[in-house]
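Undergrad: Now for the letters of each chain:
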Amino acid sequence: MLEVRNLDKHFGGLAAVSELDLNVSQGEIFGLIGPNGAGKTTVLNVIAGTFLPTRGKVIFKGEDITRFPPYRRAQRGIARVFQRNVLFRSFTVKENLLVGFHLRSSKSATEIFYKNAAAHNQERVEREKAMQILRFVGLSQQADELAINLPHGYQRALCLAVALATEPELLLLDEPLTGMSAEETATMMDMIRALRDERGITSVVVEHNIRAVLGLCDRIAVLDYGRKICEGLPKEVVENPEVIEAYLGAEQDAV
Amino acid sequence: MNRRQIIKPTSIVAIIIILFLAPVLIESIYWMSILALACINVLLVSSLRSIKLLDHISLGHVGFTLIGAYGTALLVMKVGLPFWGALIMAGLMSSFVALVLGYPFLKVKGMYFAILTLLTAETFRSIAYYWRGLTGGQLGLLNIPPPSPLTFPGLGTISFDTIHNYYYIILIVVLISLSIIYRLEHSHLSFKWQAIRDADNLAQSVGINVAWYKMVNFAIACFFAGIAGGLFAHYQHNLSADATSRFGVWTTLYLLIYLVVGGEAKFAGPIIGTLVLMFVGEFARPLGEFQPMIIGALAIFVVLLLPGGIIGLPDQFKLLYRKLLKQTTGVQGSV
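Residue numbers (this note's numbering), protein chains in the order written: chain A, 1 to 255; chain B, 256 to 590.
Rather than coming from a laboratory, the hints here were simulated on the basis of the structure.
Any given hint could turn out to be false.
Derived CB-CB ranges, DEER-like [as the list claims (entries may be wrong)]:
hint: 1; chain 1: A; residue 1: R124; chain 2: B; residue 2: I261; range: 23 to 33 Å
hint: 2; chain 1: A; residue 1: R72; chain 2: B; residue 2: I281; range: 35 to 45 Å
hint: 3; chain 1: B; residue 1: I427; chain 2: A; residue 2: A109; range: 18 to 28 Å
hint: 4; chain 1: B; residue 1: Q393; chain 2: A; residue 2: A109; range: 37 to 47 Å
hint: 5; chain 1: A; residue 1: H120; chain 2: B; residue 2: Y437; range: 14 to 24 Å
Cβ atoms here follow ideal geometry from the backbone N, Cα and C, with glycine treated the same way.
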């Protein structure tokens, strides 16, 4: 479904990512891990279109999207959850989702001056759809609160909800579990799994929480200094001596 | 229906009726001119606020006013278009220039955007000042004719050669423009503008073409700046573009002060700010060179004590009232 081919990304003289190949298939939860500064977020940024790669290609559903701006990738079905809680701060929780519906709803210029019955109907349908998504992420009680006033864990869930509002096929999750309690972490992991099982949504997860990644992901790639040093099932990755040396060595006791 | 729902529309209707009756009530040509200019400024500041929805501050609004003013005047005088056609054409010209410039300009934010627009306006002004063949150069454009008289069947003919009559054209165009800006602000377009203001990276990633929506916003605001300019050209009857003219930096600063003093949070902010400050300015005119100081002092006062501008006053009073109520009775006041 998503293919990254021979990707290089340089910032000035610094090679953040080099010669990276990734292959994510439909309905998979793909983990991207590595020590700090390994280039995980850079890879995600290139897939989402925030950065253009120095070399290499990004192919999504057989289409070369390497040069697409982010909003066109969103049209193709790629949604993203940012590392920090990026939300529409001055909007309510529900309004945040309504912005997310932008892609799948057609609004004409005449609506600025006059709304006909169909437009009103569409608005009602969208509000209902927003509530459905909010119920899924467990925020239906907070629908009318300002996004900025939510606690961190809820904001994280709202980030996911906004991404879901675009009806994506591929979710890019940048550290979805940071700063969450054990309980919230478990809920978030359940949600990502449910999205895969019920809607067939593919996810690429960048995460620091190793235990969570091992439990959540179907396949994992490990980056170190911008290179992929290993890829495979969680079990294989943990046993790979190179990975242990590069990354897990210090944390082995913790895992 | 609650009280608010009745008070608001009736007061708006009342104000519009008073504005329409103004030429009958005010005999003085001087005060009529001030009122007409105030209407033009209201449109300028309101369209400036429309850009502010993106959190961009444009210091180049007078530049687009200049395009509208010279555009309308030249189209009427050299091409021979009727006033209304020229006005719309000039507005479109101004918005087209904004669309083209908006693409590179809107990639930067904050101070950088402000500087770019400021320099653009000064560039337009210099071009108008030195292009003798087209704009009359330093002498300016003289004798811009009033709009041709309109004949209403059964009512007779109205000519627009006096300010009392031309005021009606200004008032009607400004009211139509304001209602369009108002509708825009309550539409899905403005919803996206505010989303872009809050988080442009997230707006991108949910599929909003951020660059395009910003350009549309800028082009719409500059369209109305152009319209205001066109109205101004026929109001003034002659145009010049030297540094102290209407198209200099001073106007930009005054427009900003009107916006800040009026309050940018609400649609009525720019309207109230412009009207209040323009009339304060007029009453302070006998003070001569101290007049800008009065405006400046008022601006500082508002910025320090009323962060929401004049339009935020009722909310502040409500807050104060509730606080007092709480202190005296020890019970929290209801909303």
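Undergrad: Each hint should be assessed against the structure and marked as holding or not.
TA: Verification of the hints:
no.: 1; hint: A:R124 x B:I261: 23 to 33 Å; in the structure: 28 Å, holds
no.: 2; hint: A:R72 x B:I281: 35 to 45 Å; in the structure: 56 Å, violated
no.: 3; hint: B:I427 x A:A109: 18 to 28 Å; in the structure: 23 Å, holds
no.: 4; hint: B:Q393 x A:A109: 37 to 47 Å; in the structure: 43 Å, holds
no.: 5; hint: A:H120 x B:Y437: 14 to 24 Å; in the structure: 20 Å, holds
Of the numbered hints given earlier, the model fails hint 2 alone.
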